[in-house]
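Here the protein sequences line up with chains R and Y, keeping their order. According to the working numbering, the stretch in the first sequence is residues -10 to 395, in order. According to the working numbering, the stretch in the second sequence is residues 215 to 455, in order.
Take the hints with a grain of salt, since some may be wrong.
[To be verified] Below 20 angstroms or equal to it, Euclidean Cα-Cα: the simulated PhoX-like pairs (lysine-lysine) are: (1) Y:K344 <-> Y:K306; (2) Y:K298 <-> Y:K344; (3) R:K387 <-> Y:K446; (4) R:K387 <-> R:K344; (5) Y:K298 <-> R:K387; (6) Y:K307 <-> R:K387; (7) Y:K307 <-> Y:K344; (8) R:K(-7) <-> Y:K409; (9) Y:K409 <-> Y:K307; (10) Y:K446 <-> R:K(-7).
Simulated from the structure, these hints should not be mistaken for lab results. Predicted model only: the values in this text are computed from it and were never measured.
Here is how the chains run, residue by residue.
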Amino acid sequence: MSVKIGVLSDFAFRALKANKLRSILTMLGIIIGVAAVILMMSIGQGAQQQVMSRINRLGTNTLTIFPGTAGQFVRSGSVNTLTLDDVEAVRQLPGVQAAAPTVRSGQLVTCGNKTWTTSITGTTPEIADISSLTLERGRFFGQAEVSGAATVAVIGQTVYTNLYTPGTNPVGTEIRIGGEAYRVIGLLQTVGASSGGSDQDDVVYIPVTTAQLRLLGITDKSINMMQVQVAGQDQMESVQQAITYLLRKRHRLNDNQEDDFTIRNMAQLQSEAQNITGILTLFLAGVAAISLIVGGIGVMNIMLVSVTERTREIGVRMALGASRQDILNQFLLEAVLLSLSGSFIGIVVGIAGSKIFSSFSGWSTVISFFSVFIAVAFALMVGIFFGYYPARQAARLKPAEALNYE
Amino acid sequence: MEAAANRPPLVYCQGLTKVYPLSGVEVHALRGVDLRVERGEMVAIMGPSGSGKSTLMHIIGCMDTQTSGSYLLDGVDVSNVPEKELAAIRNKKLGFVFQRYNLLPRATALYNVELPLFYAGITGSAAEEKARAALEQVGILHLADHLPNQMSGGQQQRVAIARAMVNDPLLILADEPTGALDTVSSAEVMGIFQKMHEERGVTVIIITHEPHIAEFCRRRVILRDGRIVGDKTFEYSNPVA
Ligand SMILES: Nc1ncnc2c1ncn2[C@@H]1O[C@H](COP(=O)(O)OP(=O)(O)OP(=O)(O)O)[C@@H](O)[C@H]1O
Ligand SMILES: [Mg+2]
């Protein structure tokens, strides 16, 4: 004669309703735990996704070469071991799809009566492919404009919004950089939301020769950075070796001299970034797990107190004909109902919290099925264990013992 | 005598002892109790505090087990019955009434009376009908929707009696059912026990230490220090005024 599930759920519902405060407090522990896990993991995974998408935009088959030995602090002009001729030479190597130089200079840009300070990048047309730049209007400058050191510029969205009234077409207009007039020939598309780091739309591209000549006064063709696109992922290693060999030869380094340049492999950077953001996610999940455990202990406390209170009731129910199994089933059902509804509210609160966080901080957050699953699975385990365990202790008593329990 | 051989006594205890191990010291609550109660009897068990009355009732009610000796309920040695079947026996054959009523505090009188039916697998309108009938028998059908804290002690004890009777048990066990009641309510409650006993033929065992309550029962058993020291059956019991 075991009591049917419908009757048991009625018992469970009545018990939860009869002890509203206890039920709410128990649920609160679960809600906070679940919401914390979902929120924390959404922040961690959001950061991970954003960092990865940034790195991916650069392309995983990209090599970046800086002048100076590894670890040497590189500042514009301080090390001039990398030149435009190096870029030209690297471009000829087999397996190299594209190579572009970069020189950088912070400058005040004016357009009419508006001014904006930004980073000017001198480069060659290849950069558009390597950095996956797309134009909203106009065009990128060509090889001829590089050769002729033309005063033309391609601007990013942030620069546009700061220098132009919305809706106006910047292409064909003139801006002044470092006091000299440049013709705007292209407007880039928005690259995406910025996070923590630099705004990728806050850029102006001009021909590398123009930048060297007019902005930086460089006469030795030296550059700040070279970006190389390799034909295939599987050629990264060999191309990197070929570049090292070529540059050492060009720079006339003998065997006991260190490289006077540094090659950064995007695939390496990617896996490093993945590691770092993975650690961040793990750390956040750990913080959340602690809150879930604390919530669970709260649940256990309340359940323990309530079972002590309800041991008499258990005795009465046994006297009236409840078997141990009936008692256990009822308490289990109560725990499941509490944990499930708590988890559900927790999911809603967690998702809402993550959306609110993202809209306030500008960070993107990612809610994954996995984090919701983990949170709910853990909450159910905690809720059911702590709900069931004390009831199990009480149901072990003989009816007479339970009835006389003080 | 022929009939008695066919039908075992409802309660049959022999050499019943109960020892509680209490922090090293053993408490001998029962020291060898022989008791035989036939179907249809109404028995009062009396004795001073600590004499073992509740202990004996718990064993008879299958809510506790003896340390030694034997106990047969309706011919069945319940010490060998699995827990689940014991629960069914408590549900179907026994009805309990306690000094402190022990109603579910946040449930109506009706729901409290329905509770044993739920454990018997009877639900819905069938349960409600039976529960209402039981409440009517104890004269408080009009309080069906009241919560325990909206009723007097005497009314709550009537709900408890209805709850004990709702599954048509063979035996009602009441542990000081009037212990928390005034004289008038006590007499009313005892009257209900008498009515149940006479009209429905249920066997009743009532524990009390008040002699005037015991006078409602024809048979009066006296317990002292875990032993039965008196067992008399009188020609008449005190009728309800
Ligand atoms: N769970 C227990 N653990 C230890 N000792 C117990 C326990 N229950 C009862 N006792 C002891 O057993 C003896 C008999 O107790 P019991 O409750 O049967 O007495 P009683 O006759 O019902 O008394 P009262 O009239 O006060 O209810 C007492 O000495 C009591 O202290
Ligand atoms: Mg007692």
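For this structure, which hints from the list above don't hold up? Hint check: 2, 3, 4, 8, 10 fail, others pass.
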